[in-house]
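Chemist: Just so you know, the sequences run in chain order X and D.
Residue 120 in the working numbering sits at position 120 of the first sequence; the count goes up by one each step and never skips.
Here the working numbering runs 461 ahead of the position in the second sequence, where the first position is 1.
You may find that some hints are simply not true.
[Said to hold, decoys possible] Have a look at the derived ranges for each label pair, beta carbon to beta carbon:
#	chain 1	residue 1	chain 2	residue 2	range
1	X	264	D	872	28 to 34 Å
2	D	630	X	296	29 to 35 Å
3	D	768	X	199	53 to 59 Å
4	D	476	X	296	30 to 36 Å
5	D	465	X	448	44 to 50 Å
6	D	843	X	299	45 to 51 Å
Hints in this document: simulated from the structure, not taken from any laboratory.
All C-beta atoms, glycine included, are put in the ideal place defined by N, C-alpha and C.
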Amino acid sequence: MNLILFTFIVLLGFTSYYFGRKKAYTIQSTKKRLTALPQFYGYYLAIWCAIPAFIIFSLWAIFEPTIVKLLILSDYSNQGYLDDELNLLYEKSKALSRGQFTGEITPFIEASAEKYLSLRSIAQSSKVVIVLSAIIASVAYAYKRISSNSRTREPVEKFLNAVLFTASLAAILTTVGIVFSLIFQTIDFFKVIPLFDFVFGTHWYPAKAFVRDSSEALDPTMYSDTFGAVPIFAGTFFIAFIAMCVAIPIGLMSGIYLAEYASTKVRQYAKPLIEILAGIPTVVYGFFAALTVGPFLKELGTSMGLEVSAESALAAGGVMGIMIIPFISSLSDDVITSVPQNLRDGSYAMGATKSETIKRVIFPAALPGIVGSILLGVSRAIGETMIVVMASGLAANLTLNPLESTSTITAQIVVILIGDQAFGDPKTQAAFALGMSLFLVTLCLNIVALRVVKKYREKYE
Amino acid sequence: MNKNKEQLLNKRYKAEQRFRLYGLSAIFMALLFLTIFIFKIFSTGYSAFQKTWLIVPVTFDAELMMLDQNPSKEDLQDADYYDIALKSMADLDPNANEDQENELKRMVSYFFEKEIKNELLNDPNLIGKTKEVYLTASDDLDQVFKGNYPRDLPEDQRRVSDYQLKIFDQLVANGKVESKFNISFFTNADSREAELAGIASSFMGSIFSILVCLMIAFPVAVLAAIYLEEFAPKNRFTDFIEVNINNLAAVPSIVFGLLGLGVLLAIFHLPRSTPLVGGITLSLMTLPTIIIAARASLKAVPPSIREAALAMGASRMQTTMHHTVPLSMPGTLSGTIIGLAQALGETAPLILIGMVAFVNTIPGSPMDPAASLPVQIYIWAESAERGFVEKVSACIMVLLGFLIIMNLFAQIIRHKFEKKWS
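Using the sequences and the accompanying hints, generate a full structural model.
Modeler: Below, the structure is given as structure tokens:
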């Protein structure tokens, strides 16, 4: 229904464009000068068609459900129901009207469902009438108003500018959305679990916090020693550390080699090949780590008499490191190539070999940029999810032994939120609190890293 | 003195060579990982494109099917096929006792009844006759036939019994086992049975999510990029937007999943597990990527183009819309495709919004529950059955194939259509 109406409005928009342009041509044929190109007259009318439609559609979307609900619940207003019961009644009749209701159908609910349906259809048809008449009225008004000396280009361009500006707000809206979705659940979580227990507690067993019956009173002592996030944070940084132990030497050395030693031909092939590693989806790395690397390390360990878990931190961290190699190698390659040539020439002129130049001149000069690229790599390692979920353990385990299994922030979020979630349950809220800490940590890393890289770029530009 | 100098020089040259070797071996290591990786996936996955069939003679006995003389089409639809299906399997070994008959039944997929039914529906004249029908082998026998199953394990650790293996070997010896291209892998939805599971549902889920993502992210990102690059005044607010975009590009993907869960599902009550929600979540994630690419390609259009248009009397909006934006389109489009390729491989946010649900129907619209290709990889990888391992690798091959095609496409657009300004 809405789709048909929408198509119809779009068609109306095109017709108004056509009429606007036609009017402009008629004015032109009477040898009067136009103030704008004829198409602008068309765009002008099309905008007059779109704006009222947009306003009415959004008002309807906001107010229709509330008004329908009020009208239906007014039937029950004097019967002494509680608010919650009324809400439930409303949801039941809505479900029944859609044919999705499973449960006992009482005459009350049936009557409400029928009323709901009739109200909806009244709302629908009145929406159609109001939207169409508003469009026709506004287009007709604008059509009468345009003449040879009316300004049409400026309003059209102003409108476009406003649209462009609104689009650029999308990034801010997304950030606001992220903070908004995290913060309320997080605050609710810390109302039950003290911040201190979360940050300094060393026991993490969210499974203990079973879904509570909503009629029971919330007993905070029930959750003591359940949501201590230290093992999770430690595991996250530990796995990220292992990953960086793999990624930094390999990534940095290949970046240096590509920038300073490689011939154009080697560079032409090796660089995109290494970057393929960055394009492989992380779930594929996860599968590789769980199926190949984990068992391989386990067998290797057994043959050397070590006890290695099949889901060791080493397997997850190592594979994650491979994933991060291209980020570090291409960023440090960029950074090194942007070091001015005269620094190199000066060093060569003093008799230094190439590697001495790199180690003593270029590397210090490029250091801020390299640090920035490493920080971005760390932020990626901390936020990486699938590899850890598939290849590392899911139970929190406070350990510094890379052969045992540990868990990370991201893995815990997935473990908690996979399947059905009950909002308002401390377990679910814990996932959001973890998400909040993840967001804050990566945000700080990113801001610092981007600052450092930017400062560095400015230095040599 | 001289000798000392020469020694020092030699040492320095050696250090030089060592350093060079480190660099070379770093690159070699990275490429080695890539090779092992691709080799491993292909070597485990290629066999999933073949499927094993048992050729079993089936007697279409009208009495056992409860059919009258001259049955109509509807009668054939409603007929009872279970008994003849069971009988034809049991007939493989005339001396089988009841337990063994059960084991014989489990040599084929539970779908065998339907396969026999389809055979008869295709040719109703078969009633009363015997015909050899292709039946899908159970996933364990499929793995045995492909040589992926360790037959030398003790019997109680195997999912195939010695008896089943004996009958199976007889069938193989008689040429009654055949391996054909696995069409059902591409046409079936997900299934709990490895031999029947296919990628059709997750494939459609991916396509729908990507389309939704494209429809939202592309227009918004391009408009935002145009504003920021061409119209935005240089002030604190636009600086803030810029910092925001750069940060968003580096926010972990799982946080976007929390956003989808906390806002799209909990507040807007959009339907769970659907490509619609998945697509919106992914579009928020790809937005910064596309904005950054679009801005870069707008920046690459030389100012002389703008100045020429302005000098001819065009307004700023006209200059932008008629000249700058069309010239920047190739770069924007290839950036968009790369962003979409990233979104296609994304798993974590989709898991959080419930696209991990087991879906055994093929979604027809973005409002139907679905999985996506990477999520399917995750679901299958978590299954214990041996038959799923090759399916995962095959699914990875399909996904990587798509990513390669998309990236090639982006390259082609960039090289063919982008103007080089010199």
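Chemist: Each hint should be assessed against the structure and marked as holding or not.
Modeler: Evaluation of the provided hints:
no.	hint	result
1	264(X) - 872(D): 28 to 34 Å	violated (19 Å)
2	630(D) - 296(X): 29 to 35 Å	holds (33 Å)
3	768(D) - 199(X): 53 to 59 Å	holds (58 Å)
4	476(D) - 296(X): 30 to 36 Å	holds (35 Å)
5	465(D) - 448(X): 44 to 50 Å	holds (47 Å)
6	843(D) - 299(X): 45 to 51 Å	violated (22 Å)
Hints 1 and 6 from the list above are not met by this structure, while the remaining hints are.
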